[in-house]
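S.K.: Each chain, letter by letter, is given below.
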Amino acid sequence: MFIKQLSIFIENKVGRLQAIMDTLSENNINIRALSIAETTEFGILRIITPDVEKAKQVLREVDVISKITDVIAVYIDDKAGGLAKMLKSITDAEINVEYMYAFLGRTEGKALMVLKADDEAKAEKALLASGMELASPDII
Amino acid sequence: MKYWQEELETMPRKKLKELQNERLVWQVKRMYENVELFRQRMDEKGLKPEDIKGVDDLHKLPFSYKKDLRDYYPYGLFAVPMKDIRRVHASSGTTGKQIVVGYTDGDLDRWANCFARMLVAVGADENDFVHVGYGLGLFTGGFGAHDGAVKLGATAIPISAGNTQRQIQTMIDFGSTVLCCTPSYAMYLGETINEQGLKDQLKLKAGVFGAEPWTEEMRHQIEEKLGLKAYDIYGLSEIMGPGVSCECEYQCGMHVWEDHFIPEIIDPDTGEVLPEGEQGELVFTTITKEGFPLIRYRTRDICSLNYAPCKCGRTHVRMNKPQGRTDDMLIIRGVNVFPSQIEEVLLKVGGDVTPNYQIIVDRENNTDTFLVNVEMSEEMFSDGIKKIEAIEKTITENLRSTLGIAPKVRLVNPKSIERSEGKAKRVIDKRKLK
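Here the protein sequences line up with chains E and P, keeping their order. The numbering of the first sequence is my numbering, which starts it at 1 and goes up by one. The numbering of the second sequence is my numbering, which starts it at 1001 and goes up by one.
Here chain E stands alone, though its shape is the one from the complex (with noise of 0.2 Å):
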């Protein structure tokens, strides 16, 4: 069970960022999860919305790019070495985690974790294998 995941490409240029929060917010579009990778040159915004394709027509009138991806949201215990035993088993199965970052707002006892995984079809078998609970794509 995967979620859909906005991949958006931000140009280092003074103001890109905001450019891509206000067209969002002006056809309000929420953002349940995001994240921000960066080089020197360049960096890509991942965000989690349940508007995922209004998100990318509204950035794509604007000449922005973005790509819609699958990603795993899987829940883990919301205690020390939650994340770690979630890992675990990611790691017995030899998959590389691309990047991970965390859903906003909690469920009780519980905290959602965003994964992207070289394989993503295994990482989701080991994960459901080891009990781990997957967030489904109704949830955002």
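Hints listed in this document are in silico derivations from the structure and should not be mistaken for laboratory results. It is possible that part of the hints are untrue.
Within a straight-line C-alpha distance of at most 30 Å, the following computed DSS-like cross-link-like pairs (lysine-lysine) qualify [as the list claims (entries may be wrong)]:
id : chain 1 : residue 1 : chain 2 : residue 2
1  : E       : Lys-122   : P       : Lys-1387
2  : E       : Lys-67    : P       : Lys-1425
3  : P       : Lys-1002  : P       : Lys-1151
4  : E       : Lys-4     : P       : Lys-1386
5  : P       : Lys-1199  : E       : Lys-13
6  : P       : Lys-1387  : E       : Lys-4
7  : P       : Lys-1386  : E       : Lys-88
8  : E       : Lys-13    : P       : Lys-1014
9  : E       : Lys-125   : P       : Lys-1387
10 : P       : Lys-1425  : P       : Lys-1067
11 : E       : Lys-4     : E       : Lys-67
12 : P       : Lys-1151  : P       : Lys-1014
13 : E       : Lys-85    : P       : Lys-1386
14 : P       : Lys-1415  : E       : Lys-67
15 : E       : Lys-13    : P       : Lys-1408
16 : P       : Lys-1002  : E       : Lys-67
17 : P       : Lys-1067  : E       : Lys-67
18 : P       : Lys-1203  : P       : Lys-1321
Chain E is faced by these chain P residues, among others (derived, beta-carbon under 8 Å) [as the list claims (entries may be wrong)]:
id : residue
19 : Met-1011
20 : Thr-1104
21 : Phe-1129
22 : Gly-1277
23 : Ser-1382
24 : Asp-1383
25 : Gly-1384
26 : Ile-1388
27 : Glu-1389
28 : Glu-1392
29 : Arg-1410
30 : Leu-1411
31 : Lys-1415
32 : Ser-1416
33 : Ile-1417
34 : Glu-1418
Facing chain P, according to a computed beta carbon distance under 8 Å, are these residues of chain E, among others [to be verified]:
id : residue
35 : Glu-11
36 : Glu-41
37 : Ile-65
38 : Thr-91
Even for Gly, the Cβ is constructed at its ideal location relative to N, Cα and C.
Please build the complex by placing chain P on the supplied structure of chain E, with the hints as guidance.
M.R.: Just chain P now, with coordinates in the frame of chain E:
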């Protein structure tokens, strides 16, 4: 020593013209017989070699272009059998392919003499140590300066380009007195030498600097930093290499060695020869070159000619520093760069790279900066940073190997490159050189 070839350098203009007449007639005849492209162009104009009786008929002759060198690559425009070509040199062309030029024994000898004239004009003689900091290789700069120094009877130090510390150490230990390199490199050497407090140990007295545009302000700074007198030289591989023209001690324009090269100034749009003193495109005819001669070669450099007598006693016409180009060629750190080369590389890179680019050239601390912005596309973009970085790196590497100079590549937003009337502005040159 005041002149290297006094009789030729100070020849009265009337006599000089007679010499040019005789040499031009000889050149046109042999090129008509030996160079297919030239013969075709003469025939198209209904011209026979006999129609050219001297310099006054020069304007009737067909032009030649940089494109010709590419079309007839590598040896198609040579006027002698390859067994008589003693050396070849090359430089960058408008596209990925380089252009090749060739020299006979006689050509190499005349070239060395032209450069020796130049060394004498800046005050050098057989007691000098000529530090050749131009690259020795296919580039004409290094060998041109080296052969000139040897011809003069001076001591040549063929250190070639690069490795600043070794340059400085050699300059001090070997006692270099005349420095030949690009002006931006001279500036860099000067800065490094001053930072290290080594200026007092230098014996430099003159510098001949060329292969890229520079300003009077830079001249003063180089003179101050290196404690020498800085002279401007001009040359291009197609015509010969460095030594086509240079400044004398009075520094009031560069003397063109007219016994070998006839300059004309034309209107780049109509091709008409412009009246004396007017600014336009510089065109050269080589009247003594045997291996690779050119008739009315369009340099694309914009300048003017001054036929007034010079205080130095040389009678040869003076050209002023080129004021620009009629094409879009850029000179970045001494290297010729055509925007079309960048487009070609981007199209070849693959990975859905767009050919939407913009070149931004600037000058920081007297060194050119070279930035290439490339517009991102939906197809090129992916969620992975490493993948995008790999594309960036491939573009940089391909540009470096094609141009011979490494740009900084930046990926930018689609449609972020300024367009006027739908046409993208490909070049922004922020260097202020006038």
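S.K.: Take the hints in turn and mark each one as holding or not.
M.R.: These are the hints, each one checked on the structure:
For a cut-off of 30 Å, the pair hint linking Lys-122 (chain E) to Lys-1387 (chain P) stands: about 21 Å separates their Cα positions. About 28 Å separates the Cα atoms of Lys-67 (chain E) and Lys-1425 (chain P), which keeps this hinted pair within 30 Å; it holds. This hinted pair checks out: Lys-1002 (chain P) and Lys-1151 (chain P) have alpha carbons roughly 16 Å apart, not beyond 30 Å. This hinted pair checks out: Lys-4 (chain E) and Lys-1386 (chain P) have alpha carbons roughly 21 Å apart, not beyond 30 Å.
For the suggested pair Lys-1199 (chain P) and Lys-13 (chain E), the alpha carbons sit about 42 Å apart, so the restraint of at most 30 Å is broken. Simply put, Lys-1387 (chain P) and Lys-4 (chain E) have alpha-carbon atoms about 20 Å apart, close enough for the 30 Å limit, and the pair holds. Distance restraint check for Lys-1386 (chain P) and Lys-88 (chain E): the Cα-Cα separation of roughly 25 Å lies within the 30 Å cut-off, and the hinted pair is therefore satisfied. With a C-alpha separation of about 63 Å, the suggested pair Lys-13 (chain E) and Lys-1014 (chain P) falls outside the 30 Å cut-off, and the hint is violated.
About 26 Å separates the Cα atoms of Lys-125 (chain E) and Lys-1387 (chain P), which keeps this hinted pair within 30 Å; it holds. Under the criterion of a C-alpha separation no larger than 30 Å, the hint pairing Lys-1425 (chain P) with Lys-1067 (chain P) is consistent with the structure, at around 23 Å. Distance hint between Lys-4 (chain E) and Lys-67 (chain E) is fulfilled; the C-alpha atoms sit about 10 Å from each other, no more than 30 Å. At most 30 Å may separate the alpha-carbon atoms for a hinted pair to count; Lys-1151 (chain P) and Lys-1014 (chain P) meet this at roughly 29 Å.
A distance of roughly 27 Å separates the Cα atoms of Lys-85 (chain E) and Lys-1386 (chain P); the hinted pair therefore holds under the 30 Å criterion. The suggested pairing of Lys-1415 (chain P) with Lys-67 (chain E) holds, with an alpha-carbon distance near 18 Å, which does not exceed 30 Å. As the CA atoms of Lys-13 (chain E) and Lys-1408 (chain P) are separated by approximately 16 Å, the hinted pair is consistent with the 30 Å bound. A C-alpha spacing of about 72 Å is found between Lys-1002 (chain P) and Lys-67 (chain E), which places the hinted pair above 30 Å, so the restraint is violated.
Taking the CA atoms of Lys-1067 (chain P) and Lys-67 (chain E), the gap is near 43 Å; set against the 30 Å cutoff, the hint is violated. Taken as a hint, the Lys-1203 (chain P) and Lys-1321 (chain P) pair is honoured in the structure, with Cα atoms around 28 Å apart against an allowance of 30 Å. Checking Met-1011 (chain P) against chain E: minimum C-beta separation of about 59 Å lies over 8 Å; hint violated. With its C-beta approaching chain E no nearer than about 50 Å, Thr-1104 (chain P) sits outside the 8 Å limit, and its interface hint is violated.
Here the hint on Phe-1129 (chain P) is broken, as its CB sits about 44 Å from the closest CB of chain E, past 8 Å. For Gly-1277 (chain P), the shortest C-beta to C-beta distance to chain E is roughly 47 Å, which exceeds 8 Å, and the interface hint is violated. Hint status for Ser-1382 (chain P): holds, given a least beta-carbon distance of 6 Å to chain E, under 8 Å. With 8 Å as the threshold, the beta carbon of Asp-1383 (chain P) comes within range of chain E, its nearest partner Cβ sitting at about 4 Å, so the hint holds.
Nearest Cβ of chain E to the Cβ of Gly-1384 (chain P): about 7 Å, under the 8 Å cut. The hint holds. With 8 Å as the threshold, the beta carbon of Ile-1388 (chain P) comes within range of chain E, its nearest partner Cβ sitting at about 7 Å, so the hint holds. Given hint, Glu-1389 (chain P) at the interface with chain E, holds; its Cβ is 6 Å from that chain's nearest Cβ, closer than 8 Å. For the restraint placing Glu-1392 (chain P) at the interface with chain E, the shortest Cβ-Cβ distance is roughly 7 Å, inside the 8 Å limit, so the hint holds.
With a cut of 8 Å, the hint placing Arg-1410 (chain P) at the interface with chain E holds, because the nearest CB-to-CB distance is about 5 Å. For Leu-1411 (chain P), the shortest C-beta to C-beta distance to chain E is roughly 5 Å, which falls under 8 Å, so the interface hint holds. Satisfaction of the interface hint for Lys-1415 (chain P) is found here, the shortest Cβ-Cβ separation to chain E being roughly 5 Å, below the 8 Å cut-off. Hint status for Ser-1416 (chain P): holds, given a least beta-carbon distance of 7 Å to chain E, under 8 Å.
Checking Ile-1417 (chain P) against chain E: minimum C-beta separation of about 11 Å lies over 8 Å; hint violated. At its closest, the beta carbon of Glu-1418 (chain P) sits 13 Å from a beta carbon of chain E; the interface hint therefore is violated under the 8 Å criterion. With a least beta-carbon distance of about 5 Å to chain P, the hint placing Glu-11 (chain E) at the interface is held under the 8 Å criterion. The interface hint given for Glu-41 (chain E) is met, as the beta carbon of that residue sits about 5 Å from the closest beta carbon of chain P, less than 8 Å.
Satisfaction of the interface hint for Ile-65 (chain E) is found here, the shortest Cβ-Cβ separation to chain P being roughly 5 Å, below the 8 Å cut-off. Proximity of Thr-91 (chain E) to chain P is violated relative to the hint, the smallest CB-CB distance being about 20 Å (cut-off 8 Å).
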